[in-house]
Amino acid sequence: MKASSCRVAIVGGGPSGLAVATELAKMGVDGVVLLEREQDAGGIPRHCGHSPFGFREFHRIMKGPGYASRLVRRAQQHGVSIRTGASVAKIAPAGGLVLSTDDGVERLKAEKIVICTGNRETPRSARLVSGSRPLGVMTTGALQSMVYLKHRRPFKRPLIVGTELVSFSALLTCRHAGIRPVAMIDNQSRITTWQAAAWLPRLLGSRLLMNVELDEICGRERVESVKIRDAAGRVSSLDCDGVVFSGNFVAESSLIRGSHLELDARSGAPAVDQFGRCSDADYFACGNLLHPVDTAGWCWAEGQRIAAYVSASLDQTLPPAERSVTVETESPWIKYFTPQRIALPDSFSAYYHPGLQLRFSEKLQGRLSLCDEHRNLVGHKIRVQPERRVLLSLPASESLSACESLTIEFTPSLEKVP
Amino acid sequence: MPDYSVSDSLPTSLFDIVIVGSGVVGCAMARRFSLEGASVLVIEKEVDILDGASKANSAILHTGFDAPPPGSQEHACIVDGYNEYLDIHSRLNLPLLECGAMVLAWNDAEASRLEQILQDAHRNGVGQARIITQKQILAREPELAACVVAALEIPGESVIDPWSAPYAYLLQALDNGASLVRSCELLDGRFEGDEWLLETNRGRIRGRQVINCAGLYGDRVNQMLTGEPGFEIRPRKGQFVIFDKSASALIQSILLPVPTELTKGVVVCPTIFGNLLVGPTAEEQMSRIDVNVDEQQLRALVEKGRSILPGLVKHEVTATYAGIRPATEHKDYQIKWHPEQNYCCVGGIRSTGLSAALGIAKTVFCQYVDNGGRHTALQHYHWPQVSQIADPGPRDWQQPGNGGIVCHCELVTRREIEQAFEGPIAPRSLAGLKRRTRVCMGRCQGFYCAAELSDLTDGRFVQPIGVDQ
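These protein sequence lines map, in sequence, to chains D and H. The first sequence lines up with residues 1018 to 1435 when you count with my numbering. The second sequence lines up with residues 35 to 503 when you count with my numbering.
It is worth saying that the hints were derived from the structure and are not from the lab. Hints should not be assumed to be uniformly reliable.
[Stated by the list, open to error] Here are the simulated lysine to any residue pairs, SDA-like style, with alpha carbons at most 20 Å apart:
id, chain 1, residue 1, chain 2, residue 2
1, D, Lys1167, H, Lys338
2, H, Lys338, H, Glu175
3, H, Lys348, D, Gly1285
4, D, Lys1043, D, His1095
The structure displayed is predicted, hence computed values, not measured ones.
Just need the whole structure built from these sequences, with the hints factored in.
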């Protein structure tokens, strides 16, 4: 069996993986290998054939594919070795990776490994949707890659389930391919992404139906119709030839689930400290794997930051992982947060760090704070929407040194949310 | 070994045996009669084999410990089928997960019934069965809810690949001279002299003997060929939930409930692909085609699974599906030769068909010989090797020249997909390709590979993935 070694192996060639690799190369770290299981690196933006990408990275508005290839080119220009068609099948202690390539199984040993496997949408099956199982039911990711990478149409008039940012990407993808969605539905009263997006379906000739749930998928070979249910419980039939399940992103943590690394149950992602370091300090994690789902630009910026930590870890100047304080919460409204540990002392506090990243399960307002056993350390008033990023800055590391554990608290305000 | 394509005209020669239906029973039947030297034709009304009752089950190879008593057709067939699978599986490259089973009692009332189940097991010849204590159960299955009271352990119960096994049986039949026609529906038939003339949607077929393995349509084919249904198919739907591969670490063995009068109940067991299965429900229905899943039932299965294995709460659902068992008004199988008409009906093969299929084929062949059937068994026959898609492997992604992985969740390679199309009994639907390779069957359900698949399958399917293909 083929075996090789490198200094840093990056698993996944999306925006965050490419940012980690490029930044490490720029910092002069030799032996950076980026492993991409597809035939091309670039990640999800490769099949998002619409704007806006790249403002943070290239100071201009780009479409996904152009943005992805530019990220790849830049990584290559800085000397990153990108191996496509290399799928990591297993991760093990002491930096041991098992890869599958066209040549069969191969072992790769790395001093540090950064896992950037991103996230994916929840498919129909995991949502336990009723009905038959015909052709034409898919996620936005599958739709995008069929339309933009293969120039094919899986249907002509689908239903789109969900109103997240990606749901509107599904709408734009359909428009690009001459597909006219019959409707976009959501069981909430307000769309999940920015309210301004609500005009888009109407502009494109599709209905936007709020407070409506998908009840059943019908059709033997292909989708023929769906049954939808409104808030009053009335069920009606809607003719369509496909169903797009959009959003409801989950961490693509298959590698972690079968490994020695600790998994955080709330986020479904590896448990990390503020440096993105996993329970095995040779492993780091970065990007949408940790916080489904954020923009490519956000993941790219995080990748740059993580690269600095990985580099410091190679130089053994990163604060040791052993002395760390865990972050917890009992709040029922907090869907997940990351990181789950803060390593002490944080000699890197001079770097910008966005702090804790959270998601809430519903639309709320109130006070969010981080407390130790005795007092509030930081906190502020917030208004939150589900699936939107919420940040809580970390207090200065000196104030954490005496802490045993940290707790995130959220006190909803009694005023009605407008 | 022809697998007649959709456009081929049908064979005009007289076959010794015409088998109606290519479910697990039809596949095993074709194998047995081919190896015994008969010329065999299998007709299937769907675009692919194994598309009716056989496409969805719990994939357990039963010992027959809880079967009807010795003397019943079902008991004999399960015992023979189980033993023959153990004999032949490695020669066909079929997997076997010898995980054993436990019938779990969750209260004293259930525990008190274990003794009777033990006696039945011993009566049925399953001597290794024994009752074990809560401590012994939890030592073996530490993730099990601790309120379990006692269990009956049956070491011989195993898990197999419910698709590759019958596929291999039929493949071996074709490799040894049998023929298959898909998309070929029987419309009428009459027995004239010593020959059957069977009318299908694709023309006439001739056979000396006809064996009805039509599964969910067994009574209708009976009616068509003999003038009376013989029994009534009462379709019973079973829904299943498949959990992520990560969940399979929670159990070692097949976990069965103490059965009630009405149902064998919900099973929690490992699958040969490294997942964890919870199901089936048992829902009587009129329809023979409705395999819809239902959110309420699926949620109930998830809850049931969590009540047995609390740790399941941390694991995602990967897939949901439903199948239909061809139950009848009778408890036993309905296997009956009509020697005067050169006709055999193999009906009412309910939930144990996968375990019993090889035994059913043997039984039917023995009865055929008893009725005067004579053939010279093949001296040397070919053993085709099905590709290994089960979890224990070795898998193609581990081998050189695999073309790279297309489906990352199930580690399905480009070469495996190409081989599925090039090999005999090529898939004609996405569902068929999924069953042959497991592509799209994993946790992402096509998020990553659907586009690539639409390219790879271009021009292959009756219903293509894209609408413009």
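### Query
Okay, which hints does this one fail, numbers in order?
1
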